[in-house]
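Engineer: Mind docking chain B on chain A? Use the hints.
Number of protein chains: 2
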Amino acid sequence: MALITELQGIVGTHHVLQGADLAPFSCDFLGGYAWEPLCVVRPGSTREVAAVMRCMSQAGIAVVPVGGNTGLAGATAAEGMVMLSLARMNKVVEIRPASRVVEVEAGVVLDHLHAAVGVHGLSFPMTFGARGSCMIGGMLSTNAGGSNVVRYGNTRALCMGLEVVLADGRVLDLMNALHKDNSGYDLKDLFIGAEGTLGIITRAVLKLVPAPRAFATAMVAVPGLAEALQLLNRLQEATGRAVEAFEYMPGSFIERHLALHPGARAPFDAPHAVNIMVEIGATAMRDAEPGPDGVVPIVTYLEQVLAGLMEEGAVLDAVIARNEAERAEMWARREAAAEVMISYPHRVDTDIALPLDAVSVFLERMEQVLPQIAPGAKHIEVAHLGDGNIHYSVALAQPDTALAETITERVEDEVKRLGGSFSAEHGIGLSKKSSMARRKDPVALEVMRSIKAALDPDGLMNPGKVLP
Amino acid sequence: MALITELQGIVGTHHVLQGADLAPFSCDFLGGYAWEPLCVVRPGSTREVAAVMRCMSQAGIAVVPVGGNTGLAGATAAEGMVMLSLARMNKVVEIRPASRVVEVEAGVVLDHLHAAVGVHGLSFPMTFGARGSCMIGGMLSTNAGGSNVVRYGNTRALCMGLEVVLADGRVLDLMNALHKDNSGYDLKDLFIGAEGTLGIITRAVLKLVPAPRAFATAMVAVPGLAEALQLLNRLQEATGRAVEAFEYMPGSFIERHLALHPGARAPFDAPHAVNIMVEIGATAMRDAEPGPDGVVPIVTYLEQVLAGLMEEGAVLDAVIARNEAERAEMWARREAAAEVMISYPHRVDTDIALPLDAVSVFLERMEQVLPQIAPGAKHIEVAHLGDGNIHYSVALAQPDTALAETITERVEDEVKRLGGSFSAEHGIGLSKKSSMARRKDPVALEVMRSIKAALDPDGLMNPGKVLP
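Sequences listed follow chains A and B, in order. Plus 1 on top of the position in the first sequence (first one is 1) and you've got the numbering used here. Plus 1 on top of the position in the second sequence (first one is 1) and you've got the numbering used here.
Pulled out of the complex, with its shape left as it was, chain A reads as follows (with noise of 0.2 angstroms):
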């Protein structure tokens, strides 16, 4: 095929895989879309990207970007397509210890990242599960999230510069480490949780952080979802917005995980229903140098501000991680929410958004609306409630597709009513294009489409993801 012979002459022969060597690119990470695609061109630079894309626009075949091939919404899913993988743009280009930034290709893994920069004592303070194979190219194209953005946004928040190869081949040079730059339309946050649609992301400076010198890490039970937030509220202004994470896990959440794991600990002597996994970050030296018994100041305050808040009432009972052994076991819970879901097999999965003073209110209302539309049906939830981010889950007794459809609508009705999203962090790709057709405001569609034909006219980039 005289495509894949001009692929090769652009990025050399072994870096064209085809047959064979397409089993990893043919499914996403959950299984749930399976797809073959045509070949899998990995280019080595940006010049090779743009090359590459000059060609399959001349062609007339629609490009799907890859990275690590991590999401959980089918964005890379790639029927008779070509998909370019920027696993091979994986330098960590320069660090700028003074100035806290880094340059970086696409093709990074977010695990090598974190290493390349501790060196310096200094961090990019994003983090979740695909950390080992996820590529920073794919977290700008998702503008992934996970459990610290209640201290340092999205992705989106970290970056400063990028370079995208547009779907003619024109690469845009918008690479810069600027804290302040007024020069016209910003066109970066255009490209920044575009699934790809718009362009391909080759280069980026990220904004790195000093690594915190010590955590003091707690579960802490309230009595409701309104304390919580108001614990939030305290915790960040007793600490000046320490806040690293801020994890709801209800009793139902805590029931389960210690049924799959008869070894584990319980996180207090009697159960609760609102239980917050909270961890400060101790960036200032001096929360951070141990005291004469070897307890750091920042786990001392915390354990102040915590009995201060229980002589309230505003606290039920609170346990404070005594060394690294106890934080990590805190976190094991927390992290082992996937195997807490997936342990419910016919399961309705959501990922959605409210203000910080409606996720009480939402999840006060589906007690009353679950048990009228799936009598019987049990909810199961995990929060990042600090930025107001819920996985609401319902585990149904068996596959019932209307069901779950009608569980789903009856969810993006509560949620739009508050003034939320369906789509907090996982992105469109195929999976919730029917959401995004449902809920979305009709204007800001019509825009993105307008958009999407300006910078694609030819629908190569993509195709066929986030816009219904």
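Since the hints were derived computationally from the structure, they do not count as laboratory data. A few of these clues could be false.
Pairs count within a copy or across copies, as identical chains cannot be separated in the list.
Stated by the list, open to error - Think about it this way: if two alpha-carbon atoms lie no more than 25 angstroms apart in a straight line, the pair counts; the simulated DMTMM-like pairs of lysine to aspartate or glutamate are:
1) Lys92 / Asp457
2) Lys208 / Glu228
3) Lys453 / Asp442
4) Lys92 / Asp442
5) Lys208 / Asp187
6) Lys208 / Asp358
7) Lys434 / Glu413
Structural biologist: Relative to the frame of chain A, chain B by itself:
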């Protein structure tokens, strides 16, 4: 004129200004631009803005949105056009203290917002000289900066949701109070900083933060600008990133300020070349409760940190404000910047941004370049050093357009070489269009033009601005 009658029908007779009432809308803040608008229309609601835009779109007449008209780039010039003032849309719609958000109409004056949220112990952490008259819509349209960007980011970083009326009167609803929302392209950030060329911002949801409970403010002399960046990083690590302002004033600035204000005090006993005004905000409660001596811990702590740095030789001298009067004295010196600049009648002004580690390189380089191209010319600058934004000005002996152009181009050459921007916080408007043509990535300009054409095909939204 039929158009005037139609507009009067939409907004009411006395909300269409003509004749003498146009005076305050016929020139810009600095008096560098003057024009005669067709009329000024003052809608009272989003619905009225939409009706006005439908009317203008049918008539094919251009529209220039205007807030407080305090911009510095001529973006409100409107010769023969209709100006649309947001001043009547001045409601603080809702403050949600638990969620730390506020919903506002575009015509809310910054000072009013500060007062409204201050009642709740909260702060909208953006401020600058024009706070008594600038409006939120204008701040968003120009992505305003200022002295607190080092801690809180530009206006963009403080905006969660937006409502925009498009050129044809469609209303784009992006209003939300969500920390995570991955539902399609990030349209919000496209309108922020677009200077009214893509649509009219009518409402917004803004982030709030707990107001600092105390401040520690100091003047610090360091050996050089490279050491100033070290000081910034050391203070960020010492305080857990609580630096609210980090402002650079060279010895020449201090000297001129003293010459203009004979009653003012010098910051230090001996003059220094590199003077930094630093302010730490005590957000954490424990930093703000006065000790037995009446001094708040954050002040004592900053004193300790600076004393340590003096022992190392990283700091030459430091003076901490002991009370609010001394703090005000420090801020008054910095806020005299406009006056100090204007005291040189023939100036070439710039508003440039550099990577933090390139600021010292740029200024050293200009020490060599300036005497070659403008022998005897004096330069004077102030910088928001914490965010890399320098207002570098050159004072000429007499007006000299050709020399001014040469100086601007050489400054831009050096800025570009160092990865900086010719436009940091004031925007493009009319005043920087030629720099935009010369310096902006050509592909970026093409993409901006295609987006402009997609959203405003008839070119009616603030035509002639931003895009060269």
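Engineer: Honestly, which of those hints from before does the structure not fit?
Structural biologist: 1
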